[in-house]
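Position chain B against the provided structure of chain A, taking the given hints into account.
Those protein sequences? They're chains A and B, same order as listed.
Using this note's numbering, you'd call the opening residue of the first sequence number 59 and step up by one each time.
Using this note's numbering, you'd call the opening residue of the second sequence number 59 and step up by one each time.
Worth flagging that the hints you see were computed from the coordinates, not collected in a lab.
Do not take every clue at face value.
Put simply, identical chains are the same to the list, so a pair is met inside one copy or across any two.
[To be verified] Using 25 Å as the maximum straight-line C-alpha spacing, the simulated PhoX-like pairs for lysine-lysine come out as follows:
| no. | residue 1 | residue 2 |
| --- | --- | --- |
| 1 | 243 | 98 |
| 2 | 197 | 63 |
| 3 | 223 | 117 |
| 4 | 117 | 379 |
| 5 | 379 | 249 |
| 6 | 372 | 278 |
| 7 | 254 | 61 |
| 8 | 206 | 238 |
| 9 | 278 | 117 |
| 10 | 238 | 223 |
| 11 | 206 | 243 |
| 12 | 223 | 379 |
| 13 | 379 | 98 |
| 14 | 223 | 254 |
| 15 | 223 | 243 |
| 16 | 61 | 74 |
| 17 | 278 | 254 |
| 18 | 243 | 63 |
| 19 | 223 | 249 |
| 20 | 63 | 223 |
| 21 | 98 | 206 |
| 22 | 223 | 98 |
| 23 | 98 | 61 |
| 24 | 197 | 74 |
| 25 | 116 | 74 |
| 26 | 197 | 372 |
| 27 | 379 | 116 |
Spelled out, the chains give:
2 protein chains.
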Amino acid sequence: MSKIKLGIIGYGNLGKGVEEQLQFNTDIELIGVFSRRDPKTVSASCPVFHMDDLVGMKKDLDVVLLCGGSATDIPEQAPVLQEHFTTVNAYDNHAAIPAHFNSLDEIARRQKNVAIVATGWDPGLFSLNRLIAEAILPKGETYTFWGKGVSQGHSDAIRRVAGVKRGVQYTIPNEALIQKIRDGKEVVYTKTASHKRVCYVVADEGADEAAITHTISTMKDYFADYETEVHFIDEATFDRDHSGIPHGGHVLRRGYTGEDTQAVYELNVNLGSNPGFTAAVMVAYARAAFRLAREGNYGAKSVFDVAPSYLSPKTPEELRKELL
Amino acid sequence: MSKIKLGIIGYGNLGKGVEEQLQFNTDIELIGVFSRRDPKTVSASCPVFHMDDLVGMKKDLDVVLLCGGSATDIPEQAPVLQEHFTTVNAYDNHAAIPAHFNSLDEIARRQKNVAIVATGWDPGLFSLNRLIAEAILPKGETYTFWGKGVSQGHSDAIRRVAGVKRGVQYTIPNEALIQKIRDGKEVVYTKTASHKRVCYVVADEGADEAAITHTISTMKDYFADYETEVHFIDEATFDRDHSGIPHGGHVLRRGYTGEDTQAVYELNVNLGSNPGFTAAVMVAYARAAFRLAREGNYGAKSVFDVAPSYLSPKTPEELRKELL
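Next comes chain A alone, as it looks inside the complex (with noise of 0.2 Å):
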């Protein structure tokens, strides 16, 4: 069998995660990076093209990931890269993903191919199993914790605080208020009580320390209503400890089964690197992506209405053997 053509639009931390993931999927070829860059100035273990060269090489790709952000670049590139691809995305702006999978779908349409918006794991893995224990579990709540992981956009914003030099925000989920969930208690949740944001700051040399950690608790929408915790580290401690980007959590739904019968699912995530996990599962939806484009099953889909077979390479007769 021919293998899927695979082809990575842009290099950051996202696309360097979808070429690692390549070692792991050998049904898969890379056919190349595209970048804005200059090439020459691009390390990569596969060739590596310019962005302008990209629809020029049409025939040679089967599936095309978008590893952009998802505040400019997804919402630019997708419409125009649709035109010409097949494409498998990680867009995760909740709020705007309905009107984005509208447009996709539109052109994907029109271009006879297939474009799978949202994978990842939230939205993605997490969206798939709210689905799943919501339908199983009609009456019921879901909840859902982030954590714990790296922050990008709190780190982000510590960062920019005067006498910051270094600095990483944590987001660890409420463990007592997760273990009353899964005891089948009755909680309430609000996204401030149920996570706490650990910072670790490298101060500047004499900056003031107390002013920092004022500045960062009380800063509106980011901190001021989270309990907050502000550690200053040495830069030799923070390289050690701090360099990863690690990320997890937890979906659960407690719903009920009969009069007062319960039951309690969980989903949980623990991952090493948050945007390597992120591009193992864009990988595995690019397999999807191909198969439906290859059936003639056109437009653009979510996690929600891929079946779960299109995700591995196994025949449907070895799944049914070895999974079921």
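Frame of chain A, contents of chain B only:
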């Protein structure tokens, strides 16, 4: 929109569980229970019919749920009923599922209906998560743990021991081993070391408790290879603490998203009622079976073949807005 018209075949714990779910699923109408017993002797909150009347009511039923046992009922009934109905079952004889699937697939394609087989939680939801976790993390290991929960087969076995008046057996997973996997450690998983078996027994008056414990602990296939505990309790305690049929379990996959970067994927369910939850899963797949049949997507399916959106009564637009 007209409701999905459902029939329950067999009225034991599972059939009663399905009946209970319908209070939570307002898009489904329960037409009746079909039993081999005299309908006059069956007390249910819906109409009860004799099995002999089932085929004659073909036009009144969109989907029938096979709620008999996997040992003999399902293998006998499924091929016969598939000639007339779209069916859903929770057939759980893992080794026999592939042949069962193929036999129903042939009938369903010929009769232009749908069979969704082996729903429930294991096989079923657990299978689904084994597939998803493996597709995302191809380099890794998957582990399944069952419990804490009542094993019917093992409970039956201890009730056959001389001197045992009442008895129940709980399968308990090895939590220390689960924690090691969560922590990303290498583990040796064997079924016998991964679970222990805890029995609660009410002995006949004057029975030799030491002899009962010995007979249970040395019972081949059932207990001999496991760490086994036998506790003797009085009948009132048994009635108070051991009348439910709780169960649960864990699917874990520890895998790699980079050379040295791990991710752990974990699904847990904690079920107040094993048949209640199995029934809840079957009802969600009944909705899917109805829709697949309406779309002309005939044949046998497993949980691997059903796009998650088919499980929910919500529209695709609602799902994307509320859950993605």
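Each hint, compared with the structure:
{"no.": "1", "hint": "243 - 98", "result": "neither (58 Å within a copy, 41 Å between copies)"}
{"no.": "2", "hint": "197 - 63", "result": "between (44 Å within a copy, 21 Å between copies)"}
{"no.": "3", "hint": "223 - 117", "result": "neither (47 Å within a copy, 73 Å between copies)"}
{"no.": "4", "hint": "117 - 379", "result": "neither (36 Å within a copy, 35 Å between copies)"}
{"no.": "5", "hint": "379 - 249", "result": "between (42 Å within a copy, 19 Å between copies)"}
{"no.": "6", "hint": "372 - 278", "result": "neither (49 Å within a copy, 36 Å between copies)"}
{"no.": "7", "hint": "254 - 61", "result": "neither (45 Å within a copy, 45 Å between copies)"}
{"no.": "8", "hint": "206 - 238", "result": "both (18 Å within a copy, 18 Å between copies)"}
{"no.": "9", "hint": "278 - 117", "result": "neither (50 Å within a copy, 62 Å between copies)"}
{"no.": "10", "hint": "238 - 223", "result": "neither (39 Å within a copy, 37 Å between copies)"}
{"no.": "11", "hint": "206 - 243", "result": "both (23 Å within a copy, 18 Å between copies)"}
{"no.": "12", "hint": "223 - 379", "result": "neither (55 Å within a copy, 40 Å between copies)"}
{"no.": "13", "hint": "379 - 98", "result": "neither (48 Å within a copy, 42 Å between copies)"}
{"no.": "14", "hint": "223 - 254", "result": "within (23 Å within a copy, 53 Å between copies)"}
{"no.": "15", "hint": "223 - 243", "result": "neither (44 Å within a copy, 35 Å between copies)"}
{"no.": "16", "hint": "61 - 74", "result": "within (20 Å within a copy, 49 Å between copies)"}
{"no.": "17", "hint": "278 - 254", "result": "within (15 Å within a copy, 51 Å between copies)"}
{"no.": "18", "hint": "243 - 63", "result": "neither (49 Å within a copy, 34 Å between copies)"}
{"no.": "19", "hint": "223 - 249", "result": "neither (29 Å within a copy, 52 Å between copies)"}
{"no.": "20", "hint": "63 - 223", "result": "neither (43 Å within a copy, 65 Å between copies)"}
{"no.": "21", "hint": "98 - 206", "result": "neither (38 Å within a copy, 58 Å between copies)"}
{"no.": "22", "hint": "223 - 98", "result": "neither (32 Å within a copy, 80 Å between copies)"}
{"no.": "23", "hint": "98 - 61", "result": "neither (27 Å within a copy, 62 Å between copies)"}
{"no.": "24", "hint": "197 - 74", "result": "between (42 Å within a copy, 18 Å between copies)"}
{"no.": "25", "hint": "116 - 74", "result": "within (22 Å within a copy, 56 Å between copies)"}
{"no.": "26", "hint": "197 - 372", "result": "between (35 Å within a copy, 14 Å between copies)"}
{"no.": "27", "hint": "379 - 116", "result": "neither (37 Å within a copy, 33 Å between copies)"}
In terms of the numbered hints stated before, the structure departs from hints 1, 3, 4, 6, 7, 9, 10, 12, 13, 15, 18, 19, 20, 21, 22, 23, 27, listed from lowest to highest.
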